[in-house]
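K.L.:
Fit chain B with the ligands to the given chain A structure using the hints.
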Amino acid sequence: MTASLVLTAAAQGVDELIAALARRGYCVVGPRLRDGAMVLEELQGAASLPVGWTDEQEAATYRVHRRDDRALFAYAVGPQSPRRYLSPPRKTLWSALRIEGGFQFEGEADEPPPYAFVGVKACELAAIAVQDKVLRDGPYPDPSYVRARQQAFFVGVNCGSPAATCFCTSMGTGPAVEAGHDLAITELLTAGAHELLVEIGSDRGGEVMAEVQSTVSWRPATDGDREAKHQIVAESAVRMTRRLEPTVARDVLIANLEHPRWDDVATRCLSCTNCTLVCPTCFCSAVEDVSSLDGDRAERVQRWDSCFTLGHSTLHGAGSVRGDTRSRYRQWLTHKLSTWWDQFGVSGCVGCGRCIAWCPAGIDLTEEVAAIAREKEQ
Amino acid sequence: MVSTTSRPKIAVWKFASCDGCQLSLLDCEDELLAVADRVQIAYFLEATRATIDGPYDLSIVEGSITTEHDAERIKTIRALSRHLITIGACATAGGVQALRNYSDIDDYLGIVYATPAYISTLATSTPISAHVQVDFELRGCPIDKHQLLEVLTAFLGQRRPNIAGHSVCVECKLRGNVCVLVAGGTPCLGPITHAGCGALCPTYARGCYGCFGPAEDPNPASLSAQLDRLGVDRVDLIRMLRTFNTGAEPFRAESQRLMTEASSP
Ligand code: SF4
Ligand code: SF4
Ligand code: SF4
Ligand code: SF4
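First to last, the sequence lines map onto chains A and B.
Residue numbering for the first sequence follows our numbering, starting at 2 and increasing by one per position.
Residue numbering for the second sequence follows our numbering, starting at 1492 and increasing by one per position.
What the hints contain is simulated information worked out from the structure, not anything from laboratory work.
Misleading hints may appear alongside valid ones.
As the list claims (entries may be wrong) - Partner residues are not named here, just some residues of chain B that face chain A (Cβ under 7 Å, in silico):
id: 1; residue: 1522
id: 2; residue: 1524
id: 3; residue: 1525
id: 4; residue: 1655
id: 5; residue: 1660
id: 6; residue: 1665
id: 7; residue: 1708
Where a beta carbon is used, it is the ideal one built from N, C-alpha and C, also for glycine.
One chain only, chain A, in its complex shape (with noise of 0.2 Å):
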């Protein structure tokens, strides 16, 4: 059984958990609301958290509304996910000086801080052991990514609040952190008492509670505390309707092909992006260089791209070589749900439901693969 202990003031506890991060170096991050959702910045305190906040969320809708508690992490998980930090949207890989006789070099230009994700939901630690096989582990790994990740804390957080958009739970990947995470938190609020329970998942996990543990009250966590837990990513389960069938969505995606319901949602498809920008495991960049206008610097930049921008299926000579909304559409799905599993062992999906709520045209992928499952091909 892993080591595990109650913060009985849930917000010092929080409080004085990020100063221990920052007091080691963390830039601390986490969910805060901003322009009407929960954006993961930069946190000072527990105040800096969405406290007694919660959303909703639906296909192409998103909102806030107030909760009549002081609850911390009542909501599931917003716009943007650890990506943004880990591979961040802009990087200068490399800048070059002209001098005399030739050129000077120089690497990348920015070391991030080491970050500390606070508030991180199951699905979003599955999402970065899925981008650690594409980044890390794979024949060309990414060196800023692998520092970034290496370097990387995460206080992951049972879910108790899952939105309607969610489906982590047919995936396999939630709502239950089990793995990736440095302290696991269930946020035990009841009328009576908001506490924290923590479950230590690594070394430095337990070096840093034990300097909490030193500044605030604390007690050690009882078979109830545990079966409080148990019982809230239980309810988390249920309540999620939509479902997906990995190992079922990958199989029937590339056996249908040229099925009609790909000439369907090209209709609906704005070809926008939203959907891959979200998502916590697309890891699709473009690399454009940059000159000065007198020609004496130049830069190496890489930028966040999709496969719904006709920059990135074109060719030299040849333009783009998934020039219509249907076949980017589907090198969007058949990759996340199919041939992810050719390239990595898994699926490219971890149940997040970012993609079907941010997409602005309401499109579900859940649905797509039950339509397509439904009238298949072969």
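P.N.:
Chain B with the ligands in isolation, oriented as in the chain A frame:
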């Protein structure tokens, strides 16, 4: 690099427009001064009255074609220019003045001018590309200064400019904005609009107005359907599409479709 011994001659031309895009060019003066010894500004009336005769290595054209006289003038300029790029919604799509394309020009003339007979004008406002071959079109109302510098830098370096044709949503997500359409139900043209502004309006919690015209492969009918679900009424939807880039085909065709749909029961 274009040879530094022969400094490329650049000319800037104005057609029917508000001068806003030329102002973006003037706004590049610090950057341009740094290369003053490598280029020759041969013709730029907004900046200087001194002119140098053609031919020109690069002509930068602002504005749309709205008169017979201009339709001839652009042909002369093209003949004098090795490369010709157009800047701004007027030059690339006909501008807001392309609204005239939907009505009878004589109706306007009678309202605006005391003596319409003195006015010689075409019935339409059309982009430069409808009249002559254009080597590159830089979008925007107005254009973005950084994109303009990128185009000039690419010209001087003889490489292809890094100007992506994807949607404004890409810039929105790269910036970390919260989508105003999804999180606020605010009508936004971002999903069908060409990037370039850096998602300026969504960054300030407004929907995109479509200043940069249609994205590379837009689906306006699907966005109309979604905005309709959000409760945007038909007339407002048509107006959203009929602004600075009303003459750009995907916007024109969709607004026309909505008009037809609205008038049939
Ligand atoms: S495909 Fe959609 S549901 Fe699956 S991980 Fe990506 S954003 Fe989440
Ligand atoms: S779904 Fe598209 S954007 Fe995402 S990783 Fe695959 S190809 Fe790249
Ligand atoms: S599926 Fe939705 S979010 Fe993805 S590109 Fe199409 S319209 Fe945009
Ligand atoms: S706010 Fe507009 S431009 Fe930004 S992602 Fe949403 S729809 Fe796209």
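K.L.:
Could you tell me which of the hints above the structure violates, numbers in ascending order?
P.N.:
Checked against the structure, the only hint that fails is number 2, while the rest are satisfied.
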